[in-house]
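Chain A is fixed; fit chain B with the ligands onto it per the hints.
So the sequences go chain by chain: A and B.
Okay, so the first sequence: first residue is 11 according to the working numbering, each after it adds one.
Okay, so the second sequence: first residue is 23 according to the working numbering, each after it adds one.
Please note that a few of the clues may not be correct.
[Claimed, not checked] No farther apart than 25 Å at their CA atoms in a straight line, the calculated lysine-lysine pairs in the PhoX-like style are these:
| no. | chain 1 | residue 1 | chain 2 | residue 2 |
| --- | --- | --- | --- | --- |
| 1 | A | 340 | B | 362 |
| 2 | A | 112 | B | 362 |
| 3 | B | 302 | B | 349 |
| 4 | B | 369 | A | 340 |
| 5 | B | 308 | B | 349 |
| 6 | A | 325 | A | 112 |
| 7 | A | 166 | A | 112 |
| 8 | A | 262 | A | 166 |
[As the list claims (entries may be wrong)] Here's a subset of chain B near chain A, in silico, CB distances under 10 Å, partners left out:
| no. | residue |
| --- | --- |
| 9 | 55 |
| 10 | 84 |
| 11 | 105 |
| 12 | 146 |
| 13 | 152 |
| 14 | 323 |
| 15 | 331 |
| 16 | 334 |
| 17 | 366 |
| 18 | 367 |
No lab work stands behind these hints, which were simulated from the structure alone.
Here the structure is a predicted model, which means the values were calculated and not measured.
Glycine included, every Cβ here is placed at the ideal spot set by N, Cα and C.
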Amino acid sequence: MKAKTGAARPAGPARSAGVNHRDAALDAGLRKSLWRGMLRIRMVEEEIARRYPEQEMRCPVHLSIGQEGVAVGVCSALEQRDYAMSAHRAHAHYLAKGGDLKAMIAEMYGRRTGCAGGKGGSMHLVDPAANMLGAVPIVGGSIPIAVGAAFASWMKNEDRVTAVFLGDGATEEGVFAESLNFAALKGLPVLFICENNLYSVYSPLSVRQAAGRDRTAIARAHGLEAREADGNDVEAVYRLSREAAERARAGKGPSYLEFSTYRWLEHCGPSYDNHMGYRSEEEFAAWRAQCPVLRQQTILERDGLLAAEEPAALKRALAAEIEEAFAFAKSSPYPAPAELMTDLYADGAGN
Amino acid sequence: MAREIKFAEAVLEATDQCLAEDPSVYLMGLGVPDPKGVFGTTLGLQEKHGPRRVMDMPTSENAMTGVAVGSAIAGMRPIMVHQRVDFFLLAFDQIINHASKWHYMSAGKTRVPMVVRLIIGRGWGQGPQHSQSLESVFAHFPGLKVLMPATPGDAKGLLVAAVRDDNPVVFLEHRWLHGVFGPVPEEPYAVPIGKARIARPGTDVTLVAAGYMTLESLQAARMLEEDGVSAEVVDLRTLRPLDAGAVLASAEKTGRLVAVDNGWRSFGFGAEIVALAAEKLFGALKAAPARVSPPDVPIPSTWGLSNHYYPTAAHIADAALGMMGKKPRHRAARRADLDKPQDTPNKAFTGPF
Ligand SMILES: Cc1ncc(C[n+]2csc(CCOP(=O)(O)OP(=O)(O)O)c2C)c(N)n1
Ligand SMILES: [Mg+2]
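Chain B on its own, in the form it takes in the complex:
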């Protein structure tokens, strides 16, 4: 049995090993060397690899992303991290206008090997500007690779793959995953980018998710077992390039598809998955494919409203039941939960940040 460590520790270990194996790798971000080390994901790295390669930076997201792009063009392999995805919106000019197109615009003569780690906040009243889930936005842009691991093992392997990749890669970490344990081999290894994983096999319905929503989907699959429904969970791991083959193979087998999105419903990756099934599997589906997602509104701070914003395993299970012609029952059974804060993944997780 492999050693079990936390997701955050897996990210730290991957970064450490990438810094050790390639002198062109460097790490920067606000708070990288501070005592909290970006939720523990950068702790000790400056001491080990030195202040030239592991550094804090000015509160200048757009300029520093440009610095990362330029250094990548000139042979470095930057890893940049932001404590919230939301802060990286300031750098859309550099990542979208420039980084994502640079290779194409130069007819392949220059490349931009860089990784941007972005953390999706959730819970404890983070609110409209500290908890957005923007993976679909990044995935919209050709030229970017977008990774969203769900397990510590994939976090490490995909981060290593991202650093070794010769393209700009956006690596999204859900805050509620940082404390989750899982088996992680000690040596450096790469998990292939663009390959989904069957997180749980099943025969009646396919649940497609990524990142934290994979955990909710696995929980939904356990709930569905009580209903005599066998759910297969496809963990995409990479949003772009999308492993369409894995999604289609599973949905063709089960004949039913639920796309589970952590971001807004409209124009999101859930919509993309459903569109894919509609185009390619029209005749093979036994029910109309469905999306489970938060509603199209900004994320409210108060738990009195955020409880009703986030979809949960019960939402996913009920969507699957409806598709099976069975009576949805899980949300109703959990209605009492909504009268208490559902804004932390466990007791150990508290605010303020």
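Isolated chain A (complex conformation):
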């Protein structure tokens, strides 16, 4: 753990003033669904990685294998009506928020049945039906937009929370601080979820942020509630997120939650890239040993919540679902050439 510049707080899952969520037992069904959600995302992304070399998914893909704990822990703490937004590494967030799997795979295959009609590709996932408002690959771009969505809920007095996923790199953009300020100023119901995976592309934190730059202290200084926890501990992620969402719902304002985690594969693309030398094999191995999916499975087994045949059965069911999604995508048509010119203006106006 890095040195703290803000108020001293215990590392890992933090406690709220009221309910002590650390000790409150989570419902067994929920604990299992956390594992199922992560395994599903893991298997979807593994299949993307496996098929990517076929060169039919012709768009950049930023996989979050190794980081599933954050997406699932946070989105499980949200309600269906709550909004989520993300950035370039969005597959897990989209799926965890309930985005349509078939439409996501079709988007990667550039088909008209894709969630963005093929116009966006993997970096532009959107599913309004799941209140996944969008994801964009301009780093930091969606942070104020999510604050704006929360601002709308606030203006309309809606019971709705917005979660925005961002990387450690995004906390270097000026708009991050500006967004924290406005969210705190108005007490908006927004959760800033930072997935600190230590890298921005191949650049480690050490060449981008001053040693000891404590992002939670930055958020706290802006007046937000700020916590951090192990992002590969899905139950810890869930607890903090639930608490933050409850605070937001109660009109107590925004939170900044930072979760440490690690991307296993290359920044963009389907391969392992440790051979490139920008990070060490030891570092990778240490994080890999903290696989969020396996950790949760082990805990469930320890607590007697998983029958022996359950993991294999779930994997079979998920594989069938995933197979179906890929088949759907690959059998879908490409957009018609005329669709190049559609969707430009909301009123259907031409140029």
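Leaving out everything else, chain B with the ligands in the frame of chain A:
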């Protein structure tokens, strides 16, 4: 015969030599020292020139551009690079509000010698926010110089000229040019800013382009040869300050002008070239000048649509044929290509980035 190297290697060599010749030059950008070295254009430079002068930076485009501006005012010569033009839109405040006007606003008492290298993405589904071609936008602003080389030789010479220039210079590199080979002298040399080049002489029609579109225009000229049409290709190399003399001289000679734009049609540099001809050569033209450009929509990710977005040599050749009163035929002949991905310049180029 001069040595042939790739465009990306020419950029690397120019940067290396500029760092060596002037201690006030420094280089920064996200990923500059990483193992991929910005598509190979910055590889080995940190090892050679040290981490003070060749550095990675925070994901803070606007602030870091301001840092470049301030350091330039105070005597440094920064080179900043971004892997995509699109990311630099975050820095419009610094480059437009401040850098482009600083010299003017101080009545010439201060200057901002800096270079921003920006890469135009294309292909492999880069989509709406990773493949914009914004040269016309930059060229709109007085006070900026905007360079867009098409060949390795010009990439090196113009980058050297840009670094030595005392003004803010935007240097645009099309991603599909990085792998192209061409003759490049080994010693440092400057190609003059603001001077177009006749990439191919001809007599019947003038094709005006810059950057990657110069290659498509040269290909169009070869196609037009089969039609008995002699096309002259003017490679602008610099958008601002525009070499209007070169454009006008060529168009006056041929009497026909096609402006080939890599960016959006409306309010773009193609429009500027056509306006120039309309104003200055109204009586001398044998046909109305034309623009070839992508349509005015964001760039879709799927190749199913991007195939129909990008203009190609066939579009250019057909525009010229129409102007000659001949039947356009090249697009129709290549219609089958549109059923396959046209999202890579060659087999060696694949995704994901
Ligand atoms: C404004 C902007 N600058 C730079 C980039 C290039 N880029 C794409 S992803 C990325 C990494 C950002 O790191 P982080 O926010 O930590 O997300 P991670 O990739 O680690 O999930 C960068 C710098 C970009 N897309 N947008
Ligand atoms: Mg990161």
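Results of checking the hints against the structure:
{"no.": "1", "hint": "A:340 <-> B:362", "in the structure": "holds, 15 Å"}
{"no.": "2", "hint": "A:112 <-> B:362", "in the structure": "holds, 23 Å"}
{"no.": "3", "hint": "B:302 <-> B:349", "in the structure": "violated, 28 Å"}
{"no.": "4", "hint": "B:369 <-> A:340", "in the structure": "holds, 23 Å"}
{"no.": "5", "hint": "B:308 <-> B:349", "in the structure": "holds, 17 Å"}
{"no.": "6", "hint": "A:325 <-> A:112", "in the structure": "holds, 18 Å"}
{"no.": "7", "hint": "A:166 <-> A:112", "in the structure": "violated, 33 Å"}
{"no.": "8", "hint": "A:262 <-> A:166", "in the structure": "holds, 16 Å"}
{"no.": "9", "hint": "55", "in the structure": "holds, 8 Å"}
{"no.": "10", "hint": "84", "in the structure": "holds, 6 Å"}
{"no.": "11", "hint": "105", "in the structure": "holds, 8 Å"}
{"no.": "12", "hint": "146", "in the structure": "holds, 5 Å"}
{"no.": "13", "hint": "152", "in the structure": "holds, 6 Å"}
{"no.": "14", "hint": "323", "in the structure": "holds, 3 Å"}
{"no.": "15", "hint": "331", "in the structure": "holds, 6 Å"}
{"no.": "16", "hint": "334", "in the structure": "violated, 14 Å"}
{"no.": "17", "hint": "366", "in the structure": "holds, 9 Å"}
{"no.": "18", "hint": "367", "in the structure": "violated, 14 Å"}
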